[in-house]
Amino acid sequence: MAKRFKEKYPNGTVEFNQHPGDKYNELMNTRLAAGEADDVLFNMNMTAYAKAGYLMDLSSQPWIARMNDSAKTAAQFEGKTYGAFLEVNTFGVFYNKKIFEEQQLVPPTTWDEFLSLNEKLKAQKITPIVEGFKDIWTLQAAYIPIAISTYFGTNPNFERDVYDGKASVNGPEVTGALTQFAELADKGYFNKNSLSIGNDQALQDFIDGKAAMHMMGSWTPGVIDGKTQNFPLGFFIIPAKDGNTVMSAGTDKGLSINAATEHPEEAIALVQLMLEPDMLELYGKDNALSAFNDVNPVFANPAMSEIQAALQAHPGHRNPGDYFPPSVQDALNTALTKILAGGGVGDSAAELAKLYEKDKSKVNF
Amino acid sequence: MRSSRSFYRLKVFFVLPALLLYGIFTLYPFLGSLLYSFTNWDGLQSPDYVGLANYRALFHDKAIMQAAKNTLYVLAVMVLIGNPLSLTLALLLNLPLRSRGLLRTLFFLPALMSLMVISISWGFILQYDGLLNAVLTLFGFENGIQDWLGTMDYALPAVILILLWQGTGFGAVIYLAGLQSVPRELQESAQIDGATGLQRIYHITIPLIMPFITINTFLGIAGSLKLFDVPFVLTNGGPGTATTTLGLLIYKYAFVHESYGYATAAGMLFMILIAVITFLQLSITRRREVEM
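Order-wise, the sequence lines are chains A and B.
First residue of the first sequence? That's 1 in the working numbering, and the numbers climb one at a time after it.
First residue of the second sequence? That's 366 in the working numbering, and the numbers climb one at a time after it.
Be careful, since some hints might not be right.
[What the hints assert, rightly or not] Taking lysine-lysine pairs in the BS3-like style, the calculated list, with each CA pair at most 30 angstroms apart, reads: (1) 591(B) / 358(A); (2) 360(A) / 376(B); (3) 210(A) / 227(A); (4) 72(A) / 3(A); (5) 72(A) / 122(A); (6) 97(A) / 125(A); (7) 434(B) / 360(A); (8) 358(A) / 376(B); (9) 434(B) / 362(A); (10) 591(B) / 362(A).
[As the list claims (entries may be wrong)] Here's a subset of chain B near chain A, in silico, CB distances under 7 angstroms, partners left out: (11) 410; (12) 413; (13) 474; (14) 476; (15) 479; (16) 517; (17) 619; (18) 623.
Derived by calculation from the structure, the hints in this document are not laboratory data.
C-beta: ideal position from N, C-alpha, C; glycine also.
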């Protein structure tokens, strides 16, 4: 990419500034606050940064029209667009087709069917679902596929309604999703060591056939292809308990421009170049669903096609919790670990509702 | 006269660099924090003054209460069990054993390791497919196996066990230094007067090593109150809030919840709590110190 930029703009130079995982956000916050951030920013806080005035308004850029709806919404704050998202991702259940065939199981069409197939696997002494919850973020990979339908299956505007005071975090949506999650945990459908292993090991156990299912994001087929060949991978989504089955459509890899950049024209040109269809096709090859309507990356793994088919067949919605303050999302994870440790749902939703009220100012609609 | 004044100036001159560093890296951030604790700063947008709202909210914060409970539980165990354990170990290591040099080294070894390394290693031992469960299975206790760090009832005791394992040897070394300062004549004359071993420990050794009890209790209290790293690495405060300490919760308020103002206010109250507890402890144990 840097090479191509140089070909087009011989006077410009692209410098990459990479920072390790955990501290990326903290570091970017500090550098933005100090006015020392880079020109073009990969970031996952687009609306919060836009609200704070750190991002350039890109509403007039031609590439916006090429983005799909969830990416368009996610890049907007108060009617203006502040960047692009390169990928969309979704969450669901990856399953081992060989184990399913041996046990004569098929992907479920109702929540109860999902429970009973777990029960059958457990009765055969096969771990139904393997997860690596020690990594914390992985809790969401198992929660999102359930919560997406429970939150939005009957009311697509659930989070907006909470914001407007027409619905509550301590209502049937969140309580329902927590209760469904607890059903899986309490019946022993997750691996017994789920709280003490991370995602790497959970995925390896899934690849090794130690469990029949692994709830994770849509990048998983690409990761599995990097570790093994010809794994019999299938994908399905968890059917709603009540209401419509909804699929999560998260946006990932946000790209924005620093409002304080000294090179606005170059930055805009670079972003344009990065978003050209052939660049994005190369970027998404084998592992990422594109957030651009005119980009169709090639996927070696057939499970990716199953994911795409599911996305076309079901209504999509941004990830549950995208419009909750960070404190509520953190407390939700805490509630999930408590459920996994046998502590039950209890009054978790009431606690979340209190935090929501306290930190409501951090919700960016 | 002149020379004493210029000597004073010289002294000031030498203190200046340290004072400057202290001012920049301790005093200024501290005063800054005090100001931020009265704001709703979120780390991104410029802070607004909110008066005492943060402090008022803290007193109704259930999560803070739970974390305080966990922290005080750790403190109680460390002071009431850890401290006597260190003293007992020191008394044993003070016996004229041939292997005592080796034993002292072995018991002190954990204190030399970084808490990060210790946390990760113990994680491997205590996890569901870990060493402890393997040993239990080997001896036929399959029913007793647990995800020790993933169970509400066992997670905090497991964290405390690690702290005891790491801290007991260190405390013992401090006590050993104390024990060696107890004059042998006192012990011998007591022995001639017919005092038993326990009587000598209670009436001679303990009063004389009181300053060492003071310092070990102080270190134990301060260490437990600021406990952060072990639960951060091992359990991230979970499962639920079972191992969330005050230090960890304040960290989360700032860097996860992005409520920097609120977290700073919590930090301020926490500092006052530490000051009060350690002041009480020092005034109690100091009173029992005896002059030789």
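Practice problem: Would you list, in rising numerical order, the hints stated earlier that this structure does not obey? | Solution: 2, 5, 8, 12, 13, 14, 15, 17
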